[in-house]
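Enquirer: Just need the whole structure built from these sequences, with the hints factored in.
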Amino acid sequence: MTHALRAIFVRDLTIAFRVGGGAGTGVVFFLAIVTVVPFAVGPDLPLLGRIGPAVLWIGALLASLLGLDRVFSADHDDGSLDLLLLAPQPLEMIAATKAAAHWVATGLPLVVAAPLLGLLLGLDAKALGAVTLTLLVGTPALTFLGLVGAALAVALPRGGLLVAVLVLPFAVPILIFGAAATNAAVGGTLPFGTPFKLIAATSLAFLVLGPVAAAAVLRQIRD
Amino acid sequence: MRLLAQELACIRGGRRLFQGLSFQVAAGEALLVTGPNGAGKTSLLRMIAGLLRPAAGRVAFDGIDADREVGIAAHFVGHLDAVKGSLSAEENLYFVCDLLGGAGDAVAGGLARFGLAPLASFPARMLSAGQRRRLALARLLVASRPLWLLDEPTTGLDNEGQEIFAALTATHLANGGLLVAATHTLLPHLRAQEIRLASGGGA
Numbered sequence: 012m013t014h015a016l017r018a019i020f021v022r023d024l025t026i027a028f029r030v031g032g033g034a035g036t037g038v039v040f041f042l043a044i045v046t047v048v049p050f051a052v053g054p055d056l057p058l059l060g061r062i063g064p065a066v067l068w069i070g071a072l073l074a075s076l077l078g079l080d081r082v083f084s085a086d087h088d089d090g091s092l093d094l095l096l097l098a099p100q101p102l103e104m105i106a107a108t109k110a111a112a113h114w115v116a117t118g119l120p121l122v123v124a125a126p127l128l129g130l131l132l133g134l135d136a137k138a139l140g141a142v143t144l145t146l147l148v149g150t151p152a153l154t155f156l157g158l159v160g161a162a163l164a165v166a167l168p169r170g171g172l173l174v175a176v177l178v179l180p181f182a183v184p185i186l187i188f189g190a191a192a193t194n195a196a197v198g199g200t201l202p203f204g205t206p207f208k209l210i211a212a213t214s215l216a217f218l219v220l221g222p223v224a225a226a227a228v229l230r231q232i233r234d
Numbered sequence: 006m007r008l009l010a011q012e013l014a015c016i017r018g019g020r021r022l023f024q025g026l027s028f029q030v031a032a033g034e035a036l037l038v039t040g041p042n043g044a045g046k047t048s049l050l051r052m053i054a055g056l057l058r059p060a061a062g063r064v065a066f067d068g069i070d071a072d073r074e075v076g077i078a079a080h081f082v083g084h085l086d087a088v089k090g091s092l093s094a095e096e097n098l099y100f101v102c103d104l105l106g107g108a109g110d111a112v113a114g115g116l117a118r119f120g121l122a123p124l125a126s127f128p129a130r131m132l133s134a135g136q137r138r139r140l141a142l143a144r145l146l147v148a149s150r151p152l153w154l155l156d157e158p159t160t161g162l163d164n165e166g167q168e169i170f171a172a173l174t175a176t177h178l179a180n181g182g183l184l185v186a187a188t189h190t191l192l193p194h195l196r197a198q199e200i201r202l203a204s205g206g207g208a
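These protein sequence lines map, in sequence, to chains A and B. If you use the numbering used here, the first sequence corresponds to residues 12 to 234, in order. If you use the numbering used here, the second sequence corresponds to residues 6 to 208, in order.
It is possible that some hints are incorrect.
Examples of chain B residues toward chain A, derived with CB under 7 Å [said to hold, decoys possible]:
hint	residue
1	Ile-77
2	Leu-85
3	Ala-87
4	Asp-103
5	Leu-178
Label-pair restraints from in silico Cβ distances [stated by the list, open to error]:
hint	chain 1	residue 1	chain 2	residue 2	range
6	B	Ala-65	A	Gly-204	51 to 57 Å
7	A	Phe-28	B	Glu-165	31 to 37 Å
8	A	Lys-208	B	Ala-122	52 to 58 Å
9	A	Ala-166	B	Arg-130	49 to 55 Å
10	B	Met-6	A	Val-176	27 to 33 Å
11	B	Leu-85	A	Val-39	45 to 51 Å
12	A	Gly-31	B	Met-6	22 to 28 Å
13	B	Gly-18	A	Ile-62	47 to 53 Å
14	B	Arg-21	A	Val-176	34 to 40 Å
15	A	Thr-46	B	His-189	54 to 60 Å
16	A	Val-123	B	Ala-32	53 to 59 Å
17	B	Ile-16	A	Leu-130	57 to 63 Å
The set of hints was computed from the structure by calculation and includes no laboratory data. Note that the structure is predicted; figures quoted are calculated from it, not measured. Just so you know, even glycine gets a beta-carbon here, dropped at the ideal spot from N, CA and C.
Expert: Laid out in structure tokens, this is it:
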């Protein structure tokens with residue numbers, strides 16, 4: 012079983028990083044959002060430092076919604092989803108593997124880019140560390156939550172925007188905890204640990220619920 | 006081994022395509038599904054594979070109910086090739102092989118059998134429609150499955166490709182495999198039962 016799952020993981024990563032795979036799209040979009048904010052806010056470094064973590068979190072949230080709709084629908088369009096549905100492995104494990112590959116291709120680059128983009132917003136070292144850490148723990152939650160939307164996108168051709176709109180409300184708690192933890196690290200009223208543990212808990216819950224729900228959706232669709 | 010379908014009915018988009026369809030295929034037998042466009046040939050194949058829920062009736066393979074289980078015993082080659090354009094021909098086959106638990110050395114054999122060995126490292130998007138079809142059919146060789154469900158398998162194949170395919174199916178049946186194929190073109194080499202789906206909803 013692990014052999015087949017590793018094959019799916021490697022295949023999805025290979026496709027993502029080849030020409031037209033879309034692995035870089037999220038990071039470029041993230042960069043675009045973060046770069047335009049200082050132009051809109053003006054050269055007010057203390058203000059940028061204060062809103063910086065929130066900007067990074069919003070950017071990462073929107074960037075990780077981008078491309079989610081293709082996780083299953085790309086396979087649906089060329090017929091390989093049938094292969095996956097008929098594979099001997101449980102569909103939940105296949106969905107989880109695809110989500111993990113999608114996170115490595117699109118979520119992990121956001122985490123890596125966050126401290127660099129944080130410099131553009133004038134964040135200090137402590138805030139950079141806090142943003143990167145919360146994103147590292149929070150972006151898997153976004154991907155695995157988005158997996159349900161990705162499965163729905165199979166039944167909704169060209170449903171990219173709709174998927175983002177469906178997933179966004181459920182992603183709001185992650186955004187709240189993520190931004191709260193980062194603000195706490197740079198001197199808020201809350202201790203850092205409380206919201207951080209809540210993101211970690213949300214991530215763990217979605218790691219299980221996302222694939223199960225996505226597999227249920229794919230089984231329902233079967234058309 | 007026996008594939009059994011009982012009283013299958015198919016309703017697509019509110020339209021009844023067929024109902025009360027029963028058949029059985031034993032080891033070493035082939036079943037051809039024929040009929041005009043839109044008669045439900047593809048739907049029937051997907052139903053057997055468990056990719057489409059029947060409106061009524063059931064499909065069983067050796068007594069197992071159809072809920073993924075028949076699919077597990079089957080190779081399904083649909084009218085889409087399930088080939089990833091950015092992967093090479095070889096990578097595509099290795100993926101299927103690993104996914105379905107085949108032996109890795111079957112990949113080179115599958116490519117060679119369909120005359121794709123010189124193109125093994127080419128990105129699959131550079132292949133012609135017929136070559137992609139050959140690649141899709143080469144899947145049949147990389148992992149062993151008793152039941153082959155083929156939807157218009159010879160579309161796009163040249164004469165040589167059709168001969169390779171014919172030899173392949175003959176070997177599969179001789180080894181006690183089962184074959185269900187939806188097709189417009191006759192496969193004269195096959196001695197097979199035939200289900201003719203009518204456009205009006207009969208069978």
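Enquirer: So, for every hint listed, does it hold in this structure?
Expert: Each hint, compared with the structure:
1. Ile-77: Status holds, d = 5 Å.
2. Leu-85: holds, 3 Å
3. Ala-87: holds, 4 Å
4. Asp-103: With Cβ-Cβ at 3 Å, under 7 Å, it holds.
5. Leu-178: With a closest approach of 21 Å, the B/Leu-178 hint is violated.
6. B/Ala-65 - A/Gly-204: 51 to 57 Å: holds, 56 Å
7. A/Phe-28 - B/Glu-165: 31 to 37 Å: The hint (31 to 37 Å, Cβ to Cβ) holds, given that A/Phe-28 and B/Glu-165 are roughly 36 Å apart.
8. A/Lys-208 - B/Ala-122: 52 to 58 Å: holds, 56 Å
9. A/Ala-166 - B/Arg-130: 49 to 55 Å: With a Cβ separation near 26 Å, A/Ala-166 and B/Arg-130 fall outside 49 to 55 Å, so the hint is violated.
10. B/Met-6 - A/Val-176: 27 to 33 Å: violated, 48 Å
11. B/Leu-85 - A/Val-39: 45 to 51 Å: violated, 31 Å
12. A/Gly-31 - B/Met-6: 22 to 28 Å: violated, 42 Å
13. B/Gly-18 - A/Ile-62: 47 to 53 Å: For B/Gly-18 and A/Ile-62 the Cβ distance comes to about 51 Å; the hint holds.
14. B/Arg-21 - A/Val-176: 34 to 40 Å: The hint (34 to 40 Å, Cβ to Cβ) holds, given that B/Arg-21 and A/Val-176 are roughly 36 Å apart.
15. A/Thr-46 - B/His-189: 54 to 60 Å: holds, 56 Å
16. A/Val-123 - B/Ala-32: 53 to 59 Å: Distance hint for A/Val-123, B/Ala-32 holds at roughly 55 Å.
17. B/Ile-16 - A/Leu-130: 57 to 63 Å: Distance hint for B/Ile-16, A/Leu-130 holds at roughly 60 Å.
The structure fails to meet hints 5, 9, 10, 11, 12 from the earlier list, while all remaining hints are met.
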